[in-house]
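Asks: From just these sequences and the hints, can you work out the full model?
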Amino acid sequence: MNNKHKKGFIAMFLAAPLSFGCAGIVHAEEMFVEIKKEYRTTIKDEDGRSQFKDVYEKDGMIYRLKSVQIDKVEEIAPGDTVTYDSAPFVGSFEEYAPEEAIERNGKKYILKTSELTKVITEETTKYSEASIRYKGVEYIDALPEDAEVKVIYEDLKQELKVRLPAVDYKEEGTYWDYNFTFPITVTGYDGDSYMLGQTEISNRSPLIDYGDQFLDYLNLPPQYYKIARVEWDGGPVRKDGEMIRKATAYGRKLVKDIRGTYGGDVTFPSIDANVYHGAYIEEDAENQTGQLIYRKQATAIYERHGRIGLWNFLKWLLTNTVTLAILTILLIVFIILAIVKKRTKRKRNAE
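Heads up, the sequence shown is in this note's numbering, so the first residue is 5 and it goes up one at a time.
What the hints contain is simulated information worked out from the structure, not anything from laboratory work. Ideal Cβ placement from N, Cα and C applies to all residues, glycine included.
With a straight-line cut-off of 25 Å between C-alpha atoms, the simulated DSS-like cross-links for lysine-lysine are:
hint	residue 1	residue 2
1	Lys130	Lys161
2	Lys154	Lys130
3	Lys154	Lys165
4	Lys161	Lys122
5	Lys165	Lys130
6	Lys57	Lys40
7	Lys40	Lys76
8	Lys139	Lys257
9	Lys48	Lys116
10	Lys62	Lys41
11	Lys250	Lys230
Have a look at the derived ranges for each label pair, beta carbon to beta carbon:
hint	residue 1	residue 2	range
12	Gln55	Lys116	22 to 32 Å
13	Gly195	Ala232	22 to 32 Å
14	Glu38	Ile340	38 to 48 Å
Replies: Structure (structure tokens):
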């Protein structure tokens, strides 16, 4: 390579970075740089400085933040909110956890926050009911006016046995019970007849013929009781100077299954429990935070502070890939030419 070519190559090698440097100098001549940004904040009087870096680097120059101007402020109201507070509970968390989405008045709400806390419930007095099913209740039976029942506080899994008054009776079924029987004792059996209340019965007449009279004597309404047969229990015997004979009546009785409900105020003791707190916000609302948001447009003014130092220049260079690629290519060309020159010189010396 002759000196002319070498000088041309060196000039070309130096010209490239200088040309890029000149571009930086042209931009660096700007004394101020403006940067605009739109952001959101919940602080009404926030000045916007936190949205910008204190130092801005551009084209090999350093700019420092001088001021921030708020150009526009727009209030974004939060969407409608719905709160959820579960009753104190013991047991499965899933059963009382707030749902992920709910609907109220035609709007859909999405769960934003959910919190589970421990509480100690207060002694609670609440109206409670329990029922007892009475089977085979007949006409002459009287149901109790109060009863000892087990009441349950479902949320807190508390069970208490208490005595409560009856508040309601409800029939659940009516049917005939064929196990109806009652004993009959005939006194004066050795005579031609005997008396059943005001009715005289002949010894020669079957007792079943007087079934209605027996029911009347026992004050049992015939629509609820029926006698199907009467059977003697052995022969006549003498007792206390009189001849008697015993018999048994068989039939059916109309009975009912009745559910008795007992209710009243019951006091449940305090207990360790859990409570869920949740907050929902309207799904289509722009502001999903639950509080007022300010949308602001800000302009930051940066003032030129000087050139970037060597280390910062190298960092800047690494971020400018085009310039770095060109310099790399030139360096490779320079190395190749240097190797060629060295070999050419050795060849000449050898000759």
